[in-house]
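Engineer: Model the placement of chain R on the given structure of chain D, informed by the hints.
Protein sequences appear in the order of chains D and R. Sequential numbering from 0 applies to the first sequence in numbering that gives the first Met the number 0. Sequential numbering from 0 applies to the second sequence in numbering that gives the first Met the number 0.
No lab work stands behind these hints: they were computed from the structure. It is possible that some hints are incorrect.
Unchecked claim - BS3-like, lysine-lysine: derived pairs with alpha carbons at most 27 Å apart:
#	chain 1	residue 1	chain 2	residue 2
1	R	Lys-189	D	Lys-5
2	R	Lys-41	D	Lys-5
3	R	Lys-212	R	Lys-162
4	R	Lys-28	R	Lys-41
5	D	Lys-5	R	Lys-212
6	D	Lys-5	R	Lys-162
Said to hold, decoys possible - Computed list of chain D residues with no C-beta within reach of chain R, every gap over 10 Å:
#	residue
7	Thr-3
8	Leu-64
9	Ile-91
10	Ala-96
Just so it is clear, CB atoms sit at the ideal spot from N, CA and C, and this is done for glycine as well.
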Amino acid sequence: MRLTGKRAFVWQQVSAAYLALYTPYLVWLSLTQSIGSLADLFSPSLLVPSLIALILLLIHAWVGLRDVMIDYLPRPHLSGLLRGLLVLLILIGLNLAWLLTQGLTL
Amino acid sequence: MEFIIYRFNPETDKAPYNQTYQLDKTQIKPGMMLLDALKHLKQQDPSLSFRSSCQEGVCGSDGVNANGQNKLACITPLSELGNKISLRPLPGLPVIRDLVVDMTQFYEHYERVAPYLQADEFNADVEHLQTPMERAKLDGHYECILCGCCTTSCPSFWWNPDKFAGPAALLAAHRFVVDSRDIQPKQRLKQLDDAYTTFRCRNIQNCTASCPKGLDPSAAISDLKHRIINDD
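Extracted from the complex, chain R is given alone in its bound form:
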């Protein structure tokens, strides 16, 4: 199996380049994930850099661009990718080294949408109760693991990375706008209403196509737009 991997070490390389690696068939086991292959390749070449942590699709740290699509390496079976695999860092973010990108901007957008519950003053005697229907509105939102696959597959983010919040941050914003316990939905919608933060989304839907958790940020952004429009 052939791997063509984007390599760049800013300390030694003037420009990025592709390096080809071979993985012997005897090393490939049934059900093997892309991350396992990367670990084998790292044994061949210890200078190859990539992120990983939980290795089971929960922490979201090993997002890569495999054969042109953003994926989580730890839950992507090698069998899905064919015999020739092209690996690149997540697009649209600065490369720190090889497949490792600088996620600072991504997290800044996330921080900007205030991704925490703004509820009434804390009272230990009273719980913030929700009906099952109100709780069900959070499904498809809270499961986001912030891997960045959606945001970095979005052309609107590539065009305006500093101003467009991106699908992950907007999905989080939507999660708190629809939360019945949050007391600031109007304020949240006001903060999202300008030409860039939300309305740069052109419904391209790369975000939904690339989400490794099967979430639908595109639908959440459309709903946010309609809520902003209907907000007084």
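Chain D extracted, bound-state conformation:
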């Protein structure tokens, strides 16, 4: 598994910047408007920013966990464990996407 330097760093910075804006916006919305459930985050007006946040959150988690694993896990098992993490995050993403389509069709 080839691990990138520059690309991972850029994605981490971009996702962190977006989430640093999105999260307070979400808090502000929840205080000023009626956002009571997860489904409200994917209402038509919030669908695009929330989807972007979701994707960037998964990317941010990948880079962050990847870096922690590179630093702390034994090298001989690292490649396999990183693949496992990638598969897990993809499954989480697919599961969230499936939940989203269920919510949207309801």
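Structural biologist: Below, chain R without anything else, positioned relative to chain D:
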């Protein structure tokens, strides 16, 4: 004054141990450096091993870990260290004996960043001129004496000593990347771009805190990262 010193002789010891030494107050002079104290202790116990050469903070050979911080023994006043001093070899490198570490890996990382000017073909009639501003960019870089205090205080180096270049090598890399006379800055940046060589740095800044010459390798690494990102 009490010294607790890490001792290990691989030829006779199964495991490292700490040995306590006492230095009489009459032997301590005002302005005395840690290296001077070590020399007194070596007179007490000739088997105690440590490195030193120029003894004035230029050669970088007497880096030790004193009270948990990496320092150059020859320019560290005893008065800074208190009455009970714990001395250990520089962390993260194999110990050859007592306070002497094997610097091979450190020098290999340094070699890997090609720490020499790659300029145009040599022409004795034309000098490689720089403006004062271009020259000023090298300040804070060329003064590195390769003592290893920064690299061996870096947790990223402890975690990946064979792959992360370390602050000293990256400071040297930055010195040539910003040198206006070097014709290979892009090639240099490409060589530094992978998950380990540069991007293992997590901005912990132990390197800057421990540099006995007051240099800032952490800032140099941050600038290298930004140059790698902005490089096409």
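Engineer: Taking the hints in turn, state whether each one holds.
Structural biologist: A quick look at each hint next to the structure:
1. Lys-189/R <-> Lys-5/D: Within the cut-off at roughly 10 Å; holds.
2. Lys-41/R <-> Lys-5/D: Not satisfied, since the Cα-Cα distance of roughly 49 Å exceeds 27 Å.
3. Lys-212/R <-> Lys-162/R: holds, 25 Å
4. Lys-28/R <-> Lys-41/R: holds, 17 Å
5. Lys-5/D <-> Lys-212/R: violated, 30 Å
6. Lys-5/D <-> Lys-162/R: holds, 16 Å
7. Thr-3: Given a closest Cβ separation of 6 Å, the condition is violated.
8. Leu-64: Given that every Cβ of chain R is farther than 10 Å from that of Leu-64/D, nearest at about 13 Å, it holds.
9. Ile-91: Non-interface label stands for Ile-91/D: nearest chain R Cβ at 23 Å, farther than 10 Å.
10. Ala-96: Given a closest Cβ separation of 28 Å, the condition holds.
Violated hints for the displayed structure, listed by number in ascending order: 2, 5, 7.
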